[in-house]
Every structure is written in structure tokens, then in C-alpha cells.
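Protein chains in written order, with this note's numbering: chain A, 1 to 311; chain B, 1001 to 1533; chain C, 2001 to 2313.
Hints were generated in silico from the structure; no laboratory data involved. Even glycine gets a Cβ: it sits at the ideal position worked out from N, Cα and C. Don't take every hint at face value.
[To be verified] No farther apart than 27 Å at their CA atoms in a straight line, the calculated lysine-lysine pairs in the BS3-like style are these:
#1 C:Lys2171 with B:Lys1532
#2 B:Lys1532 with B:Lys1332
#3 C:Lys2171 with B:Lys1207
#4 C:Lys2233 with C:Lys2123
#5 B:Lys1421 with B:Lys1304
#6 B:Lys1421 with B:Lys1133
[Stated by the list, open to error] Residues of chain C placed beyond 10 Å of chain A at every Cβ, according to the derived structure:
#7 Val2015
#8 Lys2123
#9 Phe2145
[Unchecked claim] Across the chosen pairs, the derived CB separations fall in these ranges:
#10 C:Phe2021 with A:Phe60: 42 to 48 Å
#11 B:Asp1359 with C:Phe2021: 53 to 59 Å
#12 A:Ala79 with C:Ser2111: 48 to 54 Å
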Amino acid sequence: MSTATLPSPADALPGGYIPAAAEPMPDVLPPVKARKGLLGFVRRNPTMAIGGFLLLTMIFIAVFAPLLWTTDPTALAPARRTREPSAMYWFGTDMLGRDVYSRVLYGARVSLLVGFSVAFLASIIGLTIGMISGYIRAADTIIMRFMDGLMSIPPILLAIALMALTRGSVQNVIIAITIAEIPRVSRLVRGVVLSLREQPYVEAAVAAGTRTPMIILRHILPNTLAPITVQATYICAAAMITEAILSFIGAGTPPIIPSWGNIMAEGRALWQVKPYIVFFPAIFLSITVLAVNLLGDGLRDALDPRMARSL
Amino acid sequence: MNRRTLLQAGAGFGASLLLPPLAAPALSQGAAARTLRFVPQANLANFDPIWGTQYVVRNAAILVWDTLYGFDDTLTPRRQMVESEETSSDGLTWTFRLRPGLKWHDGTPVRAQDCVASLARWSSRDSMGLMLKAIQKELVAVDDRTFRWVLSKPYPKMLMALGKNSTPMAFMMPERIARTDPFQQINEYVGSGPMRFVRNEWVPGAKAVFERFADYQPRQEPGNWLAGGKRMLVDRIEWTIMPDPATASAALQNGEVDWWENPITDLVPQLRRNRNVRVDIADPLGNIGAFRMNYLTAPFNNLKARQAVMAALNQEDYMRALVGDDNNLWKKLGGFFTPGTPLYTEQGGDVLRRGPQMDLAKRLLAESGYKGEPVPCIVAQDQPITKAQGDVTADLLKRIGFNVDFVATDWGTVGQRRAMKNPVGQGGWSMFHTWHAGADTINPAVYIAIRGNGERAWFGWPDVPPVESAIAEWFDAPNLEAEKTAIGKLNAAAVENVLYVPTGFFLTYQAWRANVSGIVKGPFPVPWGVSKA
Amino acid sequence: MTAYIIRRVLATIPVMAIVAFFVFSLLYLAPGDPAAVIAGDQATPQDVERIRESLGLDRPFVVRFGSWLWDIIHGDLGVSIFTNLPVTTMIAQRIEPTLSLMILTLILAISIAVPMGVLAAWKQGTWIDRAVMGFAVLGFSVPVFVVGYLLAYVFALELDWLPVQGYTALKNGFFPWLENLVLPAIALGGVYIALIARITRATMLEVLSQDYIRTARAKGAGQRSILFVHALKNAAVPIVTVIGIGIALLIGGAVVTESVFAIPGLGRLTVDAILRRDYPVIQGVVLLFSFIYVLVNLAIDLLYTLFDPRIRY
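Starting from the given sequences, assemble the full structure and let the hints guide the process.
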């Protein structure tokens, strides 16, 4: 391992993903029959396939929740509270008589929305900042010092502190978690940009007189996409868990809007006697986070070697 | 295999690994039996029982501070710190003489001057105290053990005022502490009660510790709730704050705590099944659930808006949300007073008892001219009672057509925010939830929440003159019949004007380990006479 | 060498300054008027004004920031709005449980995860590898509090091997202290173990494919010696890196774990402070945790020089 590629503490991302150098590049891939089509894809990338499939299922559930035999998730019926799962209430009812099945399905919307939004926003903003920082020396030191500072605050604490400034709502949760995740993305992008700038073909393009925006668009940007995508998946997983934790301690989405986090938070008091209220959202959340993590792993295995080779 | 054998096995193994001599656990078996570990209903964030009216503060305060009089279990005031009292023939002069041998926790003797200063501070915050202050001509110490209160009008309920258990109780504090401004918190916790507050072990939000005050002189009579001799049979009481009921339940079953003030109803069946745990109704006088609307801000400054809410009310929803399926634990309430007591009435309270009338509610809302302004409801999430009520109310208001702004916070913040009279956009509020112990809703004297005197009333500041005149009538009533008439009028007026909305009457449980004895039923936990085997 | 250390230490100062800036801005941006809250409901506007002046709330931002910073350097973190106690006192009361939990979790996680990762790397491609990695991914996915509740239910309630909740100070006995922390440490450590195991495996795989390993094997070195003496030492850097970053995970998880197990630590203090909007406490805790995080990563950076003599930043 050469010193140039040693990761510094600032570079590791959620999911333990450290870009390029520290990940293994297998010299020889196990031989797989080169099948075309979907089956071939699944064969070659089992983790990505499983993760993708599970995630698509969850998305389907979230989008089509009203059509999946659900009722109004906020409809109170205290006379029918804490009923065990049965034919009428598939996941039982909670302490206010609301149908847990409906709440869990609708809760998928919030959790997925938070996960995807945070991943998307953090990536876009981090990309922009990283580009600027990597390309413009003058801005680099200031921006990176700033990001270092922000990164030194543990992300959950930062999210919690930001939530304390405002009231609980889905938008605020998204904003709070996004802010906590931006620094890492920007460092990643900056790292890629810095290493790319030294590449011969970039220097050649500069010598040929290509304008900077063209260089960024043509050469730099495409090469950042792979690591950003991989790490976006990890951010998505982390964001969903962070949302659950925020809701658990009462600083997340308001209880009026069901999310897996606050369904579990409300059910925690009855955990020993009516475990299903916590159990079902926990399972859904775990499966979704697992799916996203697997997807990320699969993407990384698929994209990284290619990315590393193309440099 | 259980924890003990594992511990012993580990200990032996560890010792053999040349670990340095390990400190033995601080509590040996004997000492453990003299420590009572209690889980209170909420966090003890501050500890000034005159400044803060929350129940949890009062429940801790009765350990540390004593009162001149105390209610017994029939809610009759009896002498506690006072040895004798005298009223002049015209009823205008009260002279009180203290018991000998009373000491503060710092060793100094209790003097009449201390009581005078304490009463001055208390009467600036308490509703009955304010009444006394308004007619006070002189409150002065005559000598070290006697003081005198001279009034301009007779006040027959003086002893009730001094001994009542509704907050703020008339606790006696040393003069230097009692001189603190009544609108600021004290920061020295010295009293003359049977326990001392161990300040350096207080971790706000986690733990509060009390130790037996060796020089406390209990009265000779047997203890009877807040009256009689307060004999402590344990040396130390540890309050462990557990915001998670599941953790508290597990801790009680495991023997890690001894007494749980407020087990939630859903966990009670499981506790009952445990051989080492006893569960019983905490107080037959029960509780009245409540939510209060803000008379000073829109929309609830409009009578029709308030009446809309009351028309749509379904007490069954609230009570089921609070106590679950057990029908023995709740009752519909047609009024504002404690069921099963002489003054209970349902006069004028039909709208409360009959089912929800959504159409009427929507019509009333439209008539009130509501234009969709946000309605901030502050709901404490860490109190199961307020949280359950808050969820039901939010749903109710939405269905009527209000634009609900659900503010989820904690009980401490509710205490602060409900005191603010600002308009809604600037930190004000429209509605908050609470509950009242049945002992506090027995009659208008102890019932701060029933007053309708506008800006000087309890939070929400209801302005209902007919209620005030009914209260005055009650105070002047010569006999029970007249009292009942007055209360009937009060009830009807309170319902008509929606002073606040009672959501129903419910009972709560308390739970303790089987090896703890001496626990009695009452509006709040009373630790004297309680011992551990 | 010393110059490098000094340079590195000095580099943390601007970082902490930025953290301090953020944390201070928190109170500045916070809605509501702290003076009004402190004054209470019966205060007149003049009282509120008086309190505002005494708190220095009417001075410009820079001045307030400067004086706040000055106080921090002298160890004064302000006074809690709710309890009227100094924030430093409140933190001091609660720091032992949280530090105990974090350190124990660290030790536990490292001692489980590193061998796990080494094993997975050694047996790459076999079912052991898949099992270990599957377990690791699971560790990421299940929320901490769910694991906590499960553990409490099985080991404390049902089997009665360990207590359900609470914390016993170290001075009251080593084993009671340990007892109270075992379940929380396992719950908290789950994610951390997953992270470390993955990185250990990944780095070991890469190291194992290096030429010098092949040489060592050719020279007849035993498998164990290869794994631990040659490979692990070279893999140490990324592993230690991740351990450092993972501290952030521990801090975040401590917040939840302390709630579940009723441990009176800084995590619960934070949660209570958030719900109450007790900004001085929130500020103090965030500052403290960030400081710990920066210190740990500084220590790790300095440890690099021990592990890899080639490093000279």
C-alpha cells in the first residue's frame, strides 16, 4: 500500500465504504458463464440483485399502499386498542386503535422518502461543493476546514441539534440529516477531483485549450458518478436509521405522520406485552436498510474495479 | 442459572486472575433493606413546590418539607407542625403555636418567623393563599413558637388552606429561603420534614436521593396519610427516573426497584402475573382527565369554537385510550367534580355524557367565524396520560375542521409554555392537556382549575363570571344543601361556557414488590410507614 | 517526528473553532426568547429586558460569540435553563456512565470484530465468509434500540442473567458495574462490530494478495504467523481508521441505548435537553462529544506513525 492512497479518518463513509484503494481488487474473478439478460445479471451480481429486488418491493409497497388493503392510518378507534394480529387487523392495532398494518405500509413512504431525499440532496450538494473545492485551490482550504469542523460533530448529534431548532416535520428531518451527511460526500468528490486533475488526459485537455466547464463535464464528472452512487446508497441506509432514531427519542417526524421510527417509538412502552407494534416496523425497516446496503455493496463490487481500471 | 450464581462464578474467576482487590458493593444486604427505590411519575427537574405546581414536585416535597396542618384520609385537616391554634371570637385573628422540638435539616430550630415568611411566599402563589392575602391585616411572629394572622374578614376554611394537598401546598421553609421572590425558584432545599434531600447525589433527569432526618420528631398519633406521626421505616429513598414504562416494568419485576408510582394499564396484567409484585388501585378518588383551551387567543376566545369541541367530545375514546379495556377503571363524567363525593353533580352536563355530535360541532365552528388559523396543541410525550389524550384530541379537532398544530414536547416544557400569554404566532398556545387528582377536584376550595376569574385563573385563563359567583356562593354556604345548590349552578355554568373540557374519570394503579409493606391508597405516594422486608 | 505531532495537534484547533462556531450559532438561531423563559410567566416586560441585559443577549453576534468562546476556554459552559445548574456540573454527573459504556463497547467490538474479519478473509469464499459477512450486514440494518429491547427481554427478563436497566458506578464494585453494562454494550456494539469486521476483511484480503505475503508463504511461514504477524500489522491502518470514525456511531447509538437501559449518561441528558429545548445543555454536550471525537481521531492519526513508518504527511 502506498502512502498516497492511505485513507484518512475523514474519508470513510457510512457503511464502512472507503473509496478505491482500500477495497480489494480481486486479481481473478471466479469464472461465470457469460449469460445475457436478467438471469445473467442476477448470476453475476447476486448481492445487487437481492438488494435491488427487496428495495423495489418496498418502493412498490410505499407507492401502492392505498391499494394494498389498507385503511386510514391515522384513524383512531380507542375502543379497539391493542388487539393482537388477526384476520381483521393483520398486524394488530396500536394503543389508540389504529391499524398497524396500514401504518406500517404508509410508514414506508416516509422512511423511503427520507432515505432517498437525503441521499439525493446530500449527493448533489456534496458533489457541487467537492467540485468547487477540488478545482479552485483558493476555496479549497476554507471549504475543507469548514467541512472538517462539521464532520467532527457526530452526525446524529448534529441532526438532533438541528431538529431542536425547529419543530418536527418530514422536511426538517430531511434537511437536518442532509446537512450532517454533506461533508463526507464533498470530501469524497474532492478526493476524486484532485486525483483526476493530475491525469494525463486532463492535462492534455487543458493544454488543448478546452474550457473548464467542458473539462468538468466531460472528464471529471463521469468519474465521480460511480463512487457517489455507491456511497449514496449507504447514505440512504444511514438516513433511514437516523430517522428512526430521531423519532424514537421524540425529535423526528411528528406522531401524526406514521413513519417506521415513530410507530416503534409509540409502541416501545408496550414492547413486552404487545411486541408486534414494534416488531413489524422493525422488520420492515431492517429489510429495507439491508436491501439498500446490499445494493450498495453490489454496486461497489460492480463499479469500483471498473472505475479503478479506467483511471 | 440466575444472575447471582453468574456473578459469584465470575467473581471467583476474576479473583483468581490476580485482579486487584475489588471494592465490595456499597450496599450490603442489611443496608439494602433500608433503601426504598421508587419510580416517580415524571422527572424532578426543579424542586421548588411553591414556584412549580406539578404533582411530581409536590410528591418529592412532602418528604423534605413539613406543613402546619395535614389532611388525613378523610381529607380533614389535622394539626401537624402546629401544637394548638386559637381563633378570636370574631373569627378575625388566628393564633398558631408550634410543636416543640421542630428542627430544620441544618440543625437550627424552627421558629415562628420562618413560618411567617413561608406563609407570605405561599400566599403570593396559591389561590386560597391569595384570598387570605387579600383580606390580611397582619401576619407576624409573636414569639419563637407563636405567630398570628389577623384578617379583615372571617375565613372559616383557614385550616383547609394550610393543610390541603393540592398544589402549591403550604410548606414551611427557613426564613432565609422563604424570602426568595415567589416568582423565582429557591436553590436551597432545607426543610423540617422526615427526609433530607441529598443535593450532591441529585442528577436531574435520572436520580434524586433522600435520607432520613434523624432529628425529626413525629407526632404521637399513628400516621394517617398527611396527618399524624410521619414515621420513616427506611433510611434512604432513591427516586430513579425512568421515562420508558417498559424498562420500569422490567425493573420492578426483576427487583431492581421497589415501588412504581404510575404503571401504565397495559403493563398491569403482566405485573399481576409476577409472584413478587403487587398491584392495586392507587387512589379510589381517581383522576379527571382534562384539556384546557386558551381564552386569550383565537380561536378559543370565541365561545362557539369551544362549544364545538365539547359537542364533538367522546369521553369513551379518551378513557379507553387511557385505561384500555377494563371498564372498571373509568366512568363518564357529567361535570367537573369527583364522582362518589358529596358535591358531585351532573347538572347541565348532558353534552358531556351523550355521544359525539359531529354535525352540531361543525355548525358551531362555522358560526364562530373560524378562518383556519393554526391551533397549537402542546402535548407532553413523556406522560402517558397527556400523550394519549393529546392524540385523541388532535384527531377530534381535525375531524371537526380545525387546523391543528401538534406540538410534541415534554411535561417540563408544557409547564413553561402554558404559562405564556403571548399570541399564537409568538410562542403562544391554544390547548394543552393535563389531569387532576380526584382529591383536588372535590370542592372549589382546593380546585385551582375550576376558577373563572380571567387573567388570574389557572392556565387558559377562563373568564366565566357565573362560575365565580357560584364559587362565592359556595364559600358562604351555611350547610351541605346550600353547598350543593351552589355547585349545581357552578357545574352548569362551567359546562355552558366550557371552562375546560373534562375528558372523563379514570383510576390508576400503583405497583410494588411483595416484600414492601405499608403502602396505602391515596392521591399520591406517602412513604412513611412503608418498610421493606 | 515531534514536529509532525505538534503540527497535527495544532491542526485540530481551527477544527474545534469551527465546531464551536456551529454550536454557538445553535443558540443564536434558536426560536423563542431565553430571557422570557427564564423570567417566567408573571414577569413584566421590564423584568424580561433586565434579564436580557444581564445575559448579554442584546450585544452583537461577534461580541457574544467571543465572550462565549472565552467562557468555554475557562471551562464555563453556561447554565441550564431548566435546572439552573451549571452545564459543566450536569455533564460531570453523567460522564462516567457514558464513557464506561463507550469504552466497554469499544473493547468488546474490537475483540469480536477483528477476529471475525480475519476469519472471513482467511476463509474467503466459503460459507464461513458468507456467514460472517451476512451477520455483519445484519448488524448495520437492525436499529440499535430493537436489538436492545430484544437483549433485555431474553437475557434480563426471561433468563435473569443480567439486570434490565440502570448503572452502578465503578467505585461500587467492578462486577456490578460490568453487569449493568454488558447488554447495552452488546446492543450498541452491533453496528460497530459490523463496520470493523467488514473493513478488517476487506483490508486483509487486499494485504493477503500482496507479494510479500506470497514470499512469506514460500519461505514456509505458518498460516497463523502470516495472518497475524505479517498481514494484520499491515492491515492495521485502515482498521484503526475505521475504529476512529466509528466513534461517531458509538456516540449516536449511546443516545438510544441509554434510553432503553435507563443509564443516567450524557446520551439521556441530550435527549432530555432536546425535548425541553435546553440550549445551553445541548450546546455543551455537542461541544464535548465533538471534542472527544476530534481527540480520538487525533490519537489515531498519531498512532499511524507507529504502525506505518512510511507515513509522513
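Closest CB of chain A to the CB of Lys2123 (chain C) still more than 10 Å away: Given that every Cβ of chain A is farther than 10 Å from that of Lys2123 (chain C), nearest at about 15 Å, it holds.
Quickly compare the C-alpha distance for Lys2233 (chain C) and Lys2123 (chain C) to 27 Å and report which way the hint goes. Answer holds: Lys2233 (chain C) to Lys2123 (chain C) is near 19 Å, not above 27 Å.
So the hint says 42 to 48 Å: do the beta-carbon atoms of Phe2021 (chain C) and Phe60 (chain A) match that? Distance hint for Phe2021 (chain C), Phe60 (chain A) holds at roughly 45 Å.
27 Å limit on alpha-carbon distance, applied to hinted pair Lys2171 (chain C) and Lys1207 (chain B): 17 Å, holds
Minimum C-beta separation from Val2015 (chain C) to chain A exceeding 10 Å: can you confirm that? 5 Å, violated
Taking 27 Å as the top limit, are the C-alpha atoms of Lys1532 (chain B) and Lys1332 (chain B) close enough? 38 Å, violated
Is Lys1421 (chain B) within 27 Å of Lys1304 (chain B), Cα to Cα? Distance of about 21 Å is within 27 Å: holds.
CB-CB spacing for Ser2111 (chain C) and Ala79 (chain A) relative to the 48 to 54 Å hint: Given a distance of about 53 Å, which is inside 48 to 54 Å, the answer is holds.
Please verify whether Lys1421 (chain B) and Lys1133 (chain B) have alpha carbons no more than 27 Å apart. It holds: about 25 Å lies between the C-alpha atoms, which stays within 27 Å.
With 10 Å as the threshold, tell me whether Phe2145 (chain C) passes as away from chain A on beta-carbon distances. 6 Å, violated
Pairwise beta carbon distance, Asp1359 (chain B) to Phe2021 (chain C), judged against the given window 53 to 59 Å: The hint (53 to 59 Å, Cβ to Cβ) holds, given that Asp1359 (chain B) and Phe2021 (chain C) are roughly 57 Å apart.
Pair hint outcome, Lys2171 (chain C) versus Lys1532 (chain B) [Cα-Cα no greater than 27 Å]: Distance of about 26 Å is within 27 Å: holds.
Consistency note: the structure conflicts with the earlier hints numbered 2, 7, 9.
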